[in-house]
Amino acid sequence: MAQASAPRTMLGKIWDAHEILRHPSGPSLLYIDRDMIHEGSFHAFADLKRRGLMPRRPKQIFGVADHYVPTRGRALADAASPAIATMIETFDANMEWGGLRHFGLKSREQGIVHVVAPEQGITLPGLTIVCSDSHTSTQGALGAIAFGIGQSENAHVLATQTLWQVRPKTMRVTIDGVLPQGITAKDVMLFLIGTIGAGGAGGHAIEFAGQAVRNMSIEARLTLCNMSIEAAARLGMVAPDEITFDYVRGRTFAPSEQEWDVALSQWREVPSDADAEFDREVHIDGSKIAPMVTWGTSPEDAVAIDGRVPEPASFEGEEKRKAAARSLEYMDLAPGTPLDGLKIDRVFIGSCTNSRIEDLRSAAAILKGRKSVVPAIIVPGSTEVKAQAEAEGLARTFQEAGFEWRDSGCSMCAALNGDFVNPGERCASTSNRNFVGRQGPGARTHLVSPAMAAAAAITGRLTDVRRI
Amino acid sequence: MKAFTRETSTVVTIPGVNCDTDQIIPGRFIKADRAQGYGQFLFHDIRRSETGELDPAFPLNRPAAAAATILLVEDNFGCGSSREGAVYALVDHGIRALIGPSFGDIFYNNALKNGLVPVRLPEADCQRLVQHLAAFPDAEVTVDLATGELILPADLGRHPIVMNDFARDCILRGLDEIEMTFTYLEQIEAFEKARIGSHAWLDR
Ligand code: SF4
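In order, the protein sequence lines correspond to chains E and F. Just so you know, we're using the working numbering here: the first sequence kicks off at 2 and counts up by one. Just so you know, we're using the working numbering here: the second sequence kicks off at 291 and counts up by one.
In short, the hints are calculated from the structure, not lab data. Since this is a predicted model, take the numbers as computed values, not measurements. All C-beta atoms, glycine included, are put in the ideal place defined by N, C-alpha and C. Where hints are given, some of them may not hold.
[Stated by the list, open to error] Taking lysine-lysine pairs in the PhoX-like style, the calculated list, with each CA pair at most 25 angstroms apart, reads:
1) F:K321 - E:K50
2) E:K344 - F:K292
3) E:K60 - F:K292
4) E:K14 - F:K483
[To be verified] Some chain E residues flagged as far from chain F (calculated, every beta-carbon gap over 10 angstroms):
5) L22
6) S26
7) D79
8) G203
9) G204
10) R250
11) E270
12) I285
13) V304
14) P311
15) S315
16) G370
17) R397
18) R462
[Claimed, not checked] Some chain E residues near chain F, calculated using beta-carbon distances under 10 angstroms:
19) H24
20) G41
21) H68
22) H103
23) K107
24) V263
25) E320
26) E330
Based on the provided sequences and hints, a complete structural model is requested.
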């Protein structure tokens, strides 16, 4: 009895509520409420077919085409190559075979899986959600356990609606204070990863807490949790509160009005108990964060925009020094170069990190009445976001600024659909990964917030948005 | 899954901290059917020149590396994208075990599901092994999953392979996890009934 009443973390509560059994050798057999599918899941379907199995709980599985979809039009013929078109066709075929609800290329619910799931009310507080995509962590922003899996695990979920998992350790990241004007969740995460490192949260589930987080909209919290995987966290989460409940209410797959009070009473139990203990605690003073930018090829290579490209010799340890030197060579940067003013060739605003309506509003606020001096594209996170941005007049602002206004998808974030950054080009990007070759072979990525990307577009240089 | 009990091999060192899965297999190859073999894509862009020839300086391309089935990697290996193609590429190339200070979580799980054994070895021990291999490139390492030991050459010692018993047992026996889970179907169904009962909106 004493055990059961011990204070628990949010992770612990949701975990316990989904644990079917614990194997004597350690892992839990977890019940999975929702499995999200995208085009990359074809290996899992091949596995099911080989075994003669069908998806066990079709209603709890949702498909969205995003990684390979064209952004210059919504016809299969718009796909960049026959092989890419085949990925989209295979996705549709697998979804129909499995009797699974899916939002294909032409659907008005289509978009990037981690933007669509919250938008449609598929993501809800207290759920366990998986998707064969590392940025599934995004969806923890509503107070859920949401994490990325591989295709073998995906096949396991499709077949059994369960997964064997070892409970992660917990880490609370408290962001105190009020973020200065113009500082976004993206800057917070680049700052955090720059501080604790790309491996800094390895094996942990992050719970974001603190005044700055409580003040954040759901859109911003989604950005926060999205990037937690870049610190090697298993998942990220934010306690559900009134902002969450307001966001969820009325969405397609959310509880109905009749069910609302029951759901709400369940959700109010989800947040960590006041004296719950975390395995690790990290504190950040949100009021001290500046607009951030990356200089290297790992998200941990992040500095404030008024900083400089570091000397490889300044890093601790031989491996880090070598990594920094390799990054600088790939990025074609000399140590000591100021980031502010660095010439760029292209701007990409999009990805599951920064393509929601708020992100587009903040970019539009900078671009209004100005012109981009470099090629720039905006790819909304979902077809609904696109429609809303058009209704609000943001699309016009972007087009008048010379941006290409595209259809929704992953696009230049992972360069799988044929949208890519040319070799050697430097791109200010609102995506989440600046890895070697991520945006195309030889592409050089500088990760920034949407407002910073917009500022870079109008000057053709990395620019401190606080000056604009 | 191919069972794994014990593997002895020379070791190839892959340089680079935070070696993400985009480096292990670039995104443009993950559309491929597994039947065509993923080994050809392994480390594609860091292993080859722009024109596609193998770079003789890349460790895996050296003639002596051909027979090696164990890789020594750096911190946070396999971070980034969840693409299981990264594991397929390693497995199809013939790699059976990895040794490194830490691995990306999803990559680590993906490896286990494919019978690829990732062994976590403290950074300092990894460094010692790197130095030893520089002097004795033919030195062999044994990953003995049955006894749970990593046996390093010379005086570098024996180290416990820390892995949860469940995963270890699955790999040792080459067990099919989905079939094994189905043996718990009764519990799953009972749990599910209660869960859906109190969360009717999950079933629409
Ligand atoms: S937008 Fe980028 S990070 Fe997000 S799901 Fe798509 S490819 Fe992955």
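Against the structure, the hints:
1. F:K321 - E:K50: Measuring from Cα to Cα gives roughly 18 angstroms; hence the hint holds.
2. E:K344 - F:K292: Between K344 of chain E and K292 of chain F the Cα gap is close to 51 angstroms, so the pair fails against 25 angstroms, i.e. violated.
3. E:K60 - F:K292: violated, 33 angstroms
4. E:K14 - F:K483: holds, 19 angstroms
5. L22: violated, 6 angstroms
6. S26: Its Cβ does come within 10 angstroms of chain F, the nearest being 3 angstroms, so this is violated.
7. D79: holds, 17 angstroms
8. G203: Non-interface label on G203 of chain E violated, nearest chain F Cβ at 6 angstroms vs cutoff 10 angstroms.
9. G204: About 7 angstroms separates G204 of chain E from the closest Cβ of chain F, which leaves it inside 10 angstroms; violated.
10. R250: holds, 12 angstroms
11. E270: holds, 12 angstroms
12. I285: Its Cβ never comes within 10 angstroms of chain F, the nearest being 21 angstroms, so this holds.
13. V304: holds, 17 angstroms
14. P311: holds, 15 angstroms
15. S315: holds, 16 angstroms
16. G370: holds, 37 angstroms
17. R397: Correct as stated: the minimum Cβ-Cβ distance to chain F is 33 angstroms, above 10 angstroms.
18. R462: holds, 27 angstroms
19. H24: holds, 5 angstroms
20. G41: The hint holds - G41 of chain E has a Cβ within 10 angstroms of chain F, the shortest such distance being about 7 angstroms.
21. H68: holds, 9 angstroms
22. H103: With a closest approach of 15 angstroms, the H103 of chain E hint is violated.
23. K107: violated, 21 angstroms
24. V263: OK, holds: V263 of chain E within 10 angstroms of chain F, min 8 angstroms.
25. E320: Because about 5 angstroms separates E320 of chain E from the closest Cβ in chain F, which is inside the 10 angstroms limit, the hint holds.
26. E330: Since the shortest Cβ distance to chain F is 13 angstroms, the answer is violated.
Checked against the numbered hints given earlier, the structure breaks hints 2, 3, 5, 6, 8, 9, 22, 23 and 26 and satisfies all the rest.
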